[in-house]
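Enquirer: Spelled out, the chains give:
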Amino acid sequence: MTLIQQLRTGILTAFVALLVGIEGLYVWSAKEHLEDQMNAHANETATSLALSIGSRTSSIDASLANIMINPVFDRGHFAKVEVRSTGGELVFGRSLERYESAAPRWFVALVPIEGPTGEALITAGWKQLGKVVVQVHPGFAYQQLYATARATLLWLLLLFALALVAMRYYLVGILTPLKQIEQAALAISNRQFVTIGTEPRTLELQRVTRAINSLSARMRDVIAQESDRAERLRKDAFEDTLTGQLNRRGFEQAVSATLDGRSEIHSGALALFSISGLEEVNRLFGLSKGDELLKRLAAELALPGRRGSAVVGRWQGPVLAAFGPTVDAPAALAWAEGVRNAFAAHLRQEGIGEEVALSAGIVHFGGGGIALAQLGPVAEAALADAAQKGGTAGGVADAVYRSGEPAQGAELKEIEAAIAAGRVTLLGQNVITIADKNVLQMELFCRLTSADSTVIPAERFMPVASRHGLLGALDLKVIEQALLALERIASLPRTVSVNVTIQGAGDARLRAALLELLERKKQVAGRLVFEFTGNAASRAPQFIKTFAAEVHRFGARVALDSFEIDRNSMALAHELLPAYIKLSPAFTQQISTREDLRFIVEAMVRMLRPLEIPLIAQAVEDEEMVDLLGTLGLLGYQGDAAGRPEPLPG
Amino acid sequence: MTAGKRFVGFAVLLALCAAVVSAQAIQDLGYTSSVSAALTEQLAKKFGARAPGRVSDWAKAAQKLKAAGYAGKLEAAKGREADVLQDVNEAINDRVRGVEDRDLWRMEDYWATPAETIGIASGDCEDYALAKYYLLKELGVPQDRLRITYVRILRRGGQAHMVLAYYATPDAEPLIMDNLDAFVQSASKRKDLEPVYGFNDDGLQLVKTGQRGKPAQIRAWLALQERLVGESRL
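Chains A and B supply the protein sequences, listed in that same order.
Residue 650 is where the first sequence ends in my numbering, and the numbering goes up by one at each step.
Residue 234 is where the second sequence ends in my numbering, and the numbering goes up by one at each step.
By construction, these hints were calculated from the structure, which means they are not laboratory data.
Using 30 Å as the maximum straight-line C-alpha spacing, the simulated DSS-like pairs for lysine-lysine come out as follows:
no., chain 1, residue 1, chain 2, residue 2
1, B, K189, A, K127
2, B, K137, A, K127
3, B, K66, B, K46
4, A, K127, B, K73
5, A, K235, A, K545
6, A, K127, B, K78
7, A, K127, B, K191
8, B, K60, B, K137
These figures come from a predicted structure and were not determined experimentally.
Put together the whole structure using the sequences plus the hints.
Expert: Following this line, the structure appears as C-alpha cells:
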C-alpha cells in the first residue's frame, strides 16, 4: 500500500469514526434531553392530577378519577394514567395497548427510550387517599429524535464530504514533493543520477531532497571524472594526434567491430587516399603545410555523406583510410571522386600547384566472413594502381573482394526454408565469474540445419538472412526456443542471453510478435537478456532504449556485446544503462600485450561501477588471461577458458 | 488470558465497584455516619471553629439513638409514636436556631444539607424538616412513612411553611414534627396548619439506576441532592 493510500485510509477511518462518534453522541444527548423532558412531564402531570383530585374530595372514587384522568389521557402523550388506593389497588386507569411512532423499527431498536413514570400522592388534608401513576409513551420522543438524527447525519455527511475534498487537496499539496523525491529515488536506483529541481517547503522533505541532490551530484562527478579519464586514455591509444581521426590501431579495431561475425554488415568499401608530393610542399611552404593538407583531407573524409559517416583513420604516413559499410561500388567511386575534386579545389585555393596529387584505391566487398586484413592489401594494390595510372595528377582505382560467392540457387532456398521451418537448434556457452568461478549466465547461439540435418555455417546463412530481411524471423525463432528451453530445462542458469539484431527488433510486426511471446511466457521472460552489438547500439541508441523499456515490463533486460571503445562508447553506456557490457574479442586478444588497453579497461570499470554495469570479457582462452582480467576489475569472462558452446542439455 | 479479556474483566470489576460505592453513597446521603473528616474541615472553614464540635455532637446523638434501637421502639410504640418521635424532634429543634434563608444564606430559598444545618446551627422550616427526615431514615424508620410536607399556617394568613409528617400506616392520621411546635402532635391537633403537598425521596434510588419517578418537580430538592452527593465525595 502506498503512503498516500495509507494516509487516505487512516484519515477516512478517523473521519468515519468521528462521524459515527459525533452522531452517536448527539443522538444520545438528544435522547437524554428528551427523557428528562418526558420525566418532568410525567411528574408534573402526576402532581397536577394528584392536587386536583385531592382538592375535590375526601375519598377517591372511580367516577371522579375517570373525569379527571380522561382529558389528560386523551391528549395522547401517555401510555398509562392510573389512580391507585393507598393499598395499591387500581381505582381507575387508562392505558394504550400500542402507540404509533414515525421512526423506523431499526431506529427504535437501536436507540431504546423507556417511557418514564411519574407518581404523586393524593391527599385530602393530612389524609393520604392514594396515588396517581402516569407513564409517558415515547412515540413523540422517537419522532423528534429520529428527525434530529437524520438532519444531523445529513449535515455531518455534508461536512464530511467537504472535509474529504479539502483533505484531498491538502494531501496532494503535501505529497507532491514526496512524489518527486520518490521518482528521483527510483531514478537513482535505476542508475540515473538526477537532481530534484524545486526544494519542498516541508523541512524534513527539504533535507531529504538536499541529500538526494548532493548524492546525485557526487555520483555524476565521479562518473564524469572516470569517463574523462577513460576518454583521454582512449584518445592516446586510438587517435592520431595530427589528424584527430583514428590511428591505424583504432581504425583496425573499429572496422573489425563493424565486420564482426554477428554484425549485419556484409558489403561495403574500404578506400585508401594517399597524398603525394608532401615533401615538396614542406620544402616550399614550410614543414607544417604538409600536416595541414593531411588534416584537411581527413576532415574531408570525415564529412557525413548520404549514407552516414565513414570510419576514418590514418593508414600510414600520408595515407588515410575510409571505411564505408553497405556502400556499393558506384557510390564509393563517386564519393572518392568528390573528395578528390574538393581537395583539388582546396589546393588551388592555397596556391599549391601540381607538386601535390591525391590518389585513391578502393576495394568493394560482399559476402560474410570478411576481415580487414584481407581487404587492406587489395586496397593498397588499388591505390598503387591509381597512383601509377594517374601519375602526377593522381587518380582513382577500384577492385572487388569476395570472401566467397553469396548463397544462391539451391543453397539460398535451403537457408530460407530452414529459417521458415524454424530448424534452429541452440548452443549454450557459459559466462563465468572471475572471482569465484560461478556461472553468471549462459549465452545462447543458434545453429541452422538443413532438411537433411546438415549444419549450415553462420557465415553462410547470416548474409542471406540479412540481405533477405529474415534476421527478425530468425531472432524470434531463437527467442522462442530460448524461452521454451528456460521452461523445460531446470539446470539452465538463472540468466540466459540471446543475440538480437537491429533489423529483427526494428521490424514493428516482429517486435509485436516478440512482446506477445514474452507475455505468453512471462513466467520465464524475466530471465532473458537481449544482447545488441555495441556497433548496433551506437547506430540506433534511441531504438535500443525504447526496446529496453518494452521488454522491461516482463523483467527482461538489454545488454551490449562485442563492445568497442570508441569516442561514443562512454556516453553510450551512460545513456543505455545496459545490464552488462561484453567487451569486443579484439580487446581480449590484445590486452595482455598492450598496457594502454589495460588502462582504458580499468578506467571503464571505474566509470561503470557507479552505474552498476559490469564488464565481461569475450574470447578468453586461458586461465592466465582470466587472472589478468581479474586484476582489471572485470566481473566475468566467456570463451574457451569458460567452456565452448555446447548443445543444451536434454 | 489475553490483554483484551483482561481489559474487559477489569472494566466490569471497576463498573461493579463504582455501582456498589454509588449505591452505598446514595443510601447514606445526609446521614451523620457519612460525614467525613474532609467535610468536617470544610464546615469549619465555612461556619467557624465550633462547627466540627456541633457535627460531632449530632453524630454522637444519632449513634446513641441508634444504639438504643430507635426504629424498634417506634414500631413497638403503637399509639405512642409521638413520644418516640419527640426525641428526634428535640434533637434537631434544640440544635438549630430559626433563621430565614435570606438572612442566613443571602438567598431567597436555600435547602441546606443536614450537615450544613447542624454545622451552622441555624436554618428555616425546610432545614428542620430535612434534618429530621434524614435522621429518622438513618435511625431505620421506613421512608414511606415519612412525608416532607408543604403546609400553610392559617393563623399567619396562609404563610408557607414546611413540616415532617409521620404516617404510621398509609391511612393513618400523621404525626407532625414542626420547628414551631416543641411537641410532636397529631395532624388533627394542628388546626393552624393546612397541608398542601407532601413527598419523600422514594424515587431517588430509582433515579440513579436509570428509572424515573423522582420528585423532579421540586427544584430545591434536586439541588439538595446534588449538594449531598458533593459532600459524599469529599
